[in-house]
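2 protein chains.
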Amino acid sequence: MVAVFKRELIQVIPNPPNERTFTLSTVTDKGHYISLRPLVKPTTEEEKKFPFEWGFGGRNTSVEIINVNSNSFKQNFVFELDLNEYLQIPNTHSGLINTLWTTWDSGCLEETGELFPFGKNKESVAFRELWQPIDPSKSVDFDHLTLKDGDDAHNGSKETSVALHIDNDTFVGLVVVAGNILQGILFKKNDNTIKGTNFIRGIIASEEKKEFTYSIKYGEDVTSFPLDLFTKHDSIKVGDVISQWKVIESNL
Amino acid sequence: MVAVFKRELIQVIPNPPNERTFTLSTVTDKGHYISLRPLVKPTTEEEKKFPFEWGFGGRNTSVEIINVNSNSFKQNFVFELDLNEYLQIPNTHSGLINTLWTTWDSGCLEETGELFPFGKNKESVAFRELWQPIDPSKSVDFDHLTLKDGDDAHNGSKETSVALHIDNDTFVGLVVVAGNILQGILFKKNDNTIKGTNFIRGIIASEEKKEFTYSIKYGEDVTSFPLDLFTKHDSIKVGDVISQWKVIESNL
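Respectively, the protein sequence lines represent chains A and B.
Read in order, the letters of the first sequence correspond to residues 15 to 266 in the working numbering.
Read in order, the letters of the second sequence correspond to residues 15 to 266 in the working numbering.
Source of the hints: derived by calculation from the structure; they are not laboratory data.
Be aware that one or more of the hints could be misleading.
When chains are identical, the list treats them as one kind, so a pair holds in a single copy or across two.
Straight line, CA to CA, 25 Å or less: simulated BS3-like cross-link-like pairs of lysine-lysine [to be verified]:
no. : residue 1 : residue 2
1   : K55       : K231
2   : K44       : K62
3   : K172      : K134
4   : K152      : K134
5   : K134      : K62
6   : K62       : K202
7   : K224      : K152
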């Protein structure tokens, strides 16, 4: 069930919907996931310096999926990697997030849920997001992603499905490859600023070469992402950061 | 400005949004347009017999476009071909529809407007639709349409742009080809039932052959659509319905 979803909108109810980001959520066969939400047109100085609405991810142990009926399911998340928590932003929802996903006849998935930015027993904020399934095998560039019917999105497939995890003294991070799309998050521990934040997003631009073209390479430690996934691992030096990434899933 | 848009949702405010159709709106270079809205999963007996939410179209003289600012414009329609009007459905909006289109940073276009189903000075119904631009050149099958950034959607292009119109004693209709996608509406005059309603939607499945694969071929007179657009017109017999279609735009 390699899956890639492009967000079509976010609505913080009762405000009208909008979409300022180019959000992709990628999920491996085994359910490791990353969602990166870069702003398409950062406007303020602050946005230009750090053009991200949000980013989060986790291993499959951090999400529980419960079937409701043939076209809806619950996903209950406790993100392992959460930008807002990392940056210690005030009034950030912390801990369990319950969401309900409903597949519309069109194939898009509507996600609804509630956040509790002021604490568990305080006022909640209801939200709606709409997700367009993307064909993870056919996408050869980010400007022309290929739509996929939602019914197929969770089919078993032969698409590339890889996840790497790191959690050492200095870093915590995750890299996920779903089909042709790679996303990664790497936080420097005990930093908790945008200086310690690293995001990466790549796409396999050529099927033959298995080389990624990167549309996001953000952060001082971006070179510590394991980017040579398709080359022999003998080349990784013992003792560097990259050698400490653990392959937690791979069908390569 | 050949453009193809896939609808992501419709919301009749204040109800929640949904999308039960696979709606494509296609627009030629010169602004002739058709929107077909087939239900993806018709449920009731009535829906199975006639699996369409709506269909409409018109020549460029039936729509006025007014720029508002760099990312929004008004479209004021008086549809020439309107399924609901044709079927004389009670409480159907008739005449001018004012809509506002806003391009979100993501590239999708939000359309908002009001309908007056009970007459001009009566209660109005506000709606919102969200449109995902589709690349009209890259789409080779309807299951895997290719997303396009909204900013490019109105670029001049070399995409196929064709419109044919018919208005004789028996029929009124329009066929529009925008890039690889063909859509058509044909109403039998003085019938005003679903028996007189014909819809067609095709896609060029092979670039070399210029042959259409049809996903919609609905109606008793569907063979009266001009489907041999890319073959020589000498083959059209004088006197039949097809010969009476007028080419009102073509860059073939």
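Exercise for review: Indicate which option fits the pair K62, K202 if close means a Cα-Cα distance not exceeding 25 Å: within, between, both or neither.
Suggested key: within (21 Å within a copy, 57 Å between copies)
Exercise for review: First find the shortest C-alpha distance between K152 and K134 inside one copy, then the shortest across copies, and answer within, between, both or neither for a cut-off of 25 Å.
Suggested key: neither (42 Å within a copy, 48 Å between copies)
Exercise for review: At 25 Å max between alpha carbons, let me know whether K172 reaches K134 within a copy, between copies, both or neither.
Suggested key: neither (41 Å within a copy, 56 Å between copies)
Practice item. At 25 Å max between alpha carbons, let me know whether K134 reaches K62 within a copy, between copies, both or neither. Key: neither (33 Å within a copy, 47 Å between copies)
Practice item. Check K44 against K62 for me: Cα-Cα at most 25 Å, and say if that holds within a copy, between copies, both or neither. Key: For K44 and K62, neither the intra-copy (35 Å) nor the inter-copy (38 Å) Cα distance is at most 25 Å.
Review point. Between copies, within a copy, both or neither: which fits K224 and K152 at Cα up to 25 Å?
Key: both (14 Å within a copy, 22 Å between copies)
Review point. For K55 vs K231, is the C-alpha pair at or below 25 Å within one copy, between two copies, both, or neither?
Key: within (17 Å within a copy, 42 Å between copies)
When each numbered hint is compared with the structure, violations occur for hints 2, 3, 4, 5.
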